[in-house]
Amino acid sequence: MNALDSLLDGFGTALTPLNLLWAAVGVLLGTAIGVLPGIGPAMAVALLLPVTYGLDPTGAFIMFAGIYYGAMFGGSTTSILLNTPGESAAVVAAMEGNPMAKSGRGAQALAAAAVGHFAGGMVGTLLLVALAPTVADLAVDIGAPDYFAIMVLAFIAVTSVLGSSRIRGLASLLIGLTIGLIGLDQMTGQQRLTFGSLHLADGVDVVIVAVGLFAIGEALWVAAHLRRRPPEPIPVGRPWLGRADLRRTWKSWARGPFIGFPFGAIPAGGAEIPTFLSYVTEKRLSKHKDEWGKGAIEGVAGPESAASASAAGTLVSMLTLGLPTTAVAAVMLAAFQQYGIQPGPLLFEREPDLVWGLIASLFVGMVLLLALNLPLAPVWAKLLRVPRPYLYAGIMFFAAVGAYAVGGEVIDLVLLLVIGLIGFGMRRYGLPVLPAVIGVILGPAAEQQLRRALQISDGRVTGLVNTPFSVTVYAVVVLLLAWPLLRKALPRRTTAPAGAPEASEAPEASETPGPRTPSDRGV
Amino acid sequence: MTTPPTPASESGAQPSPSPAPGTRPTTPRTPRTARSWLRDHSELGVGALLLALGVLVLTDALTMDVDITQRGPVGPKTVPVVVGIGLLLVAVLLTVDVLRGGRGQAETGEDVDLGEPADWRTVLLLSGVFLGSAVLIDPLGFPAAGALLFWGAAYALGSRRVDRDPLIAAVLSLATYALFDKLLGVPLPGGPLMGVL
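Chains as they are written, first to last, in our numbering: chain A, 1 to 523; chain L, 1 to 197.
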């Protein structure tokens with residue numbers, strides 16, 4: 001069955017009234033959550049993980065996907081009207097969007113962002129439809145060594161590409177791996193790090209880790225540094241675009257996806273780098289160079305389109321390889337694990353209804369987003385005024401609900417607070433949160449694949465590199481690790497695009513204040 | 001890539017909102033005392049914690065009794081040993097980095113103002129409210145304990161609207177209880193309160 005037929009079947013799944021409802025709920029929740037300061041898509045999905053106990057997988061993932069796209073859109077609203085972006089993906093939107101809003105063109109900035117997200121999401125999802133089955137086919141007979149290689153790639157990428165310090169990323173990853181070790185060994189039943197506790201023998205539920213690190217950790221961290229007076233949002237009317245604006249933006253919308261999508265699919269920090277690259281590209285190609293920095297509409301349209309497309313790219317690697325490249329994808333992977341579903345090449349064969357329903361619902365969600373967001377923008381803007389005590393009290397409350405729903409045990413709440421305090425310390429000392437979450441989610445699986453691979457090869461380490469696929473992946477890993485050295489060895493190109501070196505320089509320097517990298521903050 | 005400065009109304013309250021988040025503006029400059037050195041290098045504590053964690057993981061792994069259960073060439077010990085050694089290594093590297101002047105950048109955000117010193121009272125109060133409500137779930141039931149959690153947390157964060165806060169807390173908690181327990185089929189304890197209603 002080719003992709004088009006499958007997609008049509010997927011629309012059959014996505015357009016049932018109930019699933020349509022979940023898509024709408026997801027999109028609305030996602031936008032609201034994205035607009036709310038302090039909550040990003042990963043925290044939103046983490047806080048909503050408990051619904052997986054009550055919903056069927058298809059409905060749940062349709063909702064999660066809606067949240068992902070919605071939250072990205074909502075985040076740009078915050079950036080434009082408040083100028084204090086909390087999500088990595090929305091940093092760039094503030095650069096031109098906020099000056100636009102200040103000079104009274106907020107409505108146009110919001111419209112450029114909304115249509116940009118729509119265009120980027122549409123093109124990105126079309127690319128997903130075109131590519132995902134092919135990738136899944138290519139990867140369909142990958143075995144234990146290949147899976148292990150992919151997970152090593154995820155570990156290395158998440159520690160060395162994201163954040164500003166490799167050591168701190170690695171420390172975070174190891175903390176996550178340690179939490180993942182707690183419990184009974186999957187293959188032998190040996191107790192590890194349980195200290196005789198029956199409760200710990202079950203392991204620490206990944207929901208508790210994700211909610212603790214993303215939600216409780218964030219709430220405590222903000223509580224310690226809460227601004228006395230929250231910033232005032234700029235009032236805005238209904239978004240619209242004039243003819244002159246349209247003439248300037250359509251090319252930016254069209255270019256964005258092709259920058260965003262590839263970066264989303266590889267473990268390179270999600271939307272952060274592509275939005276920045278798109279910004280630089282648009283600036284270079286713009287005919288209105290004098291407006292840049294004072295509110296050039298292309299600087300909103302291009303990056304927003306790239307951001308949405310990168311979300312689609314993220315889904316390609318998450319669904320076909322089980323490789324999470326962003327925090328949201330990591331939490332979605334945890335949700336798959338809750339259902340006992342292993343994302344990977346076989347997902348398309350085993351769960352076609354789920355996968356294609358999910359993909360089709362992305363198109364539905366995108367249309368819903370555009371239809372809802374243009375008229376509702378002033379309402380969303382009101383959310384920016386929510387009293388902060390209620391906002392963070394609400395986060396604590398829903399985090400508690402989520403952790404308690406795992407097993408109905410009070411001890412889980414204590415565990416949640418402990419992990420939240422770890423998350424607090426990590427934020428204080430600049431340890432990115434994402435590597436820890438990836439470590440918890442992928443650690444146990446990676447160990448299992450490693451042991452399986454070595455069992456097959458009878459203990460020979462060559463058993464880990466005996467397929468072309470795994471060798472390729474390890475080559476990429478080596479490249480990632482050696483990149484800082486290689487860059488030093490290569491002669492500096494003076495003609496390099498202004499943004500590219502800056503964006504890729506961030507990971508290696510450990511103490512340069514450099515570009516703000518809130519990548520770990522995509523919560 | 002830096003966040004452009006916030007509107008003028010804000011900048012009075014906080015001298016430098018976002019530039020150079022790597023430098024810690026909170027540290028007062030009183031050089032050459034042991035205390036200020038320690039405060040400047042408090043990140044060494046992270047290294048110490050990682051070291052302790054590494055020792056813990058290694059001890060646990062090496063005291064494991066595996067002879068009966070081993071299957072395949074890699075037993076349940078291998079990965080913990082690797083992780084433990086990794087932790088020790090990272091602890092050392094981090095310590096070296098801190099001593100050489102490296103600092104982790106404290107995280108920024110919409111509502112985060114790093115210009116002020118950390119408000120530990122709020123953090124302790126929040127943690128206390130959270131633990132207290134957790135303990136109360138079993139005797140009081142979820143709706144009551146949840147409402148207390150929300151109200152208490154809002155109070156800890158500075159909200160003092162005695163008329164509005166408990167009302168919002170009660171509605172939120174009851175609605176959540178109804179949504180999870182009745183609609184989503186995730187059981188939450190109603191407690192004596194729900195028995196009466």
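Calculated from the structure, these hints are not laboratory results. Warning: the hint list may mix true and false statements.
To spell it out: a stretch of chain A is covered by chain L in this simulated footprint if at least three of its residues, at any positions, have a beta carbon under 8 Å from a beta carbon of chain L; those stretches are [stated by the list, open to error]:
| # | segment |
| --- | --- |
| 1 | 43-55 |
| 2 | 412-423 |
Under the rule of at most 25 Å between Cα atoms (straight-line distance), these lysine to aspartate or glutamate pairs were calculated in the DMTMM-like manner [what the hints assert, rightly or not]:
| # | chain 1 | residue 1 | chain 2 | residue 2 |
| --- | --- | --- | --- | --- |
| 3 | L | LYS182 | A | ASP56 |
| 4 | A | LYS382 | L | ASP119 |
| 5 | L | LYS182 | A | GLU409 |
| 6 | A | LYS102 | L | ASP113 |
| 7 | L | LYS77 | A | ASP202 |
| 8 | A | LYS382 | L | ASP111 |
| 9 | A | LYS102 | L | ASP111 |
| 10 | L | LYS77 | A | GLU409 |
| 11 | A | LYS382 | L | ASP163 |
So, partial list: chain L residues that the calculated Cβ filter (under 10 Å) puts toward chain A [as the list claims (entries may be wrong)]:
| # | residue |
| --- | --- |
| 12 | THR33 |
| 13 | GLY158 |
| 14 | ASP163 |
| 15 | LEU172 |
| 16 | LEU174 |
| 17 | PRO192 |
Cβ coordinates follow ideal geometry from the N, Cα and C atoms, glycine included.
Here is how each hint holds up against the structure:
1. A count of 5 residues in the segment 43-55 of chain A with a Cβ less than 8 Å from any Cβ of chain L is obtained; the coverage claim is therefore met, three being the minimum.
2. Residues of the segment 412-423 of chain A lying with their CB closer than 8 Å to a CB of chain L number 4, which satisfies the three-residue condition for coverage.
3. Among the hinted pairs, LYS182 (chain L) with ASP56 (chain A) is consistent with the structure: their alpha-carbon atoms are about 16 Å apart, no more than 25 Å.
4. Our distance criterion of 25 Å between C-alpha atoms is broken by LYS382 (chain A) and ASP119 (chain L), whose separation comes to about 28 Å.
5. For the given pair, LYS182 (chain L) sits about 19 Å from GLU409 (chain A) by alpha-carbon distance, which is consistent with the 25 Å threshold.
6. As the CA atoms of LYS102 (chain A) and ASP113 (chain L) are separated by approximately 22 Å, the hinted pair is consistent with the 25 Å bound.
7. Annotation: proposed proximity of LYS77 (chain L) to ASP202 (chain A) holds, straight-line Cα distance about 18 Å (limit 25 Å).
8. This hinted pair checks out: LYS382 (chain A) and ASP111 (chain L) have alpha carbons roughly 16 Å apart, not beyond 25 Å.
9. The hinted pair formed by LYS102 (chain A) and ASP111 (chain L) meets the criterion: a straight-line CA distance of about 20 Å does not exceed 25 Å.
10. Distance restraint check for LYS77 (chain L) and GLU409 (chain A): the Cα-Cα separation of roughly 30 Å exceeds the 25 Å cut-off, and the hinted pair is therefore not satisfied.
11. A distance of roughly 22 Å separates the Cα atoms of LYS382 (chain A) and ASP163 (chain L); the hinted pair therefore holds under the 25 Å criterion.
12. Annotation: THR33 (chain L) was flagged as interfacial toward chain A, and the flag is violated, the nearest CB pair being 22 Å apart, outside 10 Å.
13. Interface restraint check: GLY158 (chain L) against chain A, minimum CB-CB distance 5 Å, threshold 10 Å, status holds.
14. Interface hint at ASP163 (chain L): violated, since its Cβ lies 14 Å from the closest Cβ of chain A, which is beyond the 10 Å cut-off.
15. For LEU172 (chain L), the suggested interface contact is upheld, since its CB lies about 7 Å from the closest CB of chain A, less than 10 Å.
16. The restraint placing LEU174 (chain L) at the interface with chain A is violated, with a minimum CB-CB distance near 12 Å, outside the 10 Å limit.
17. At about 17 Å, the closest approach between the beta carbon of PRO192 (chain L) and any beta carbon in chain A exceeds 10 Å, and the interface hint on this residue is violated.
Against the hints set out earlier in the document, violations occur for numbers 4, 10, 12, 14, 16, 17.
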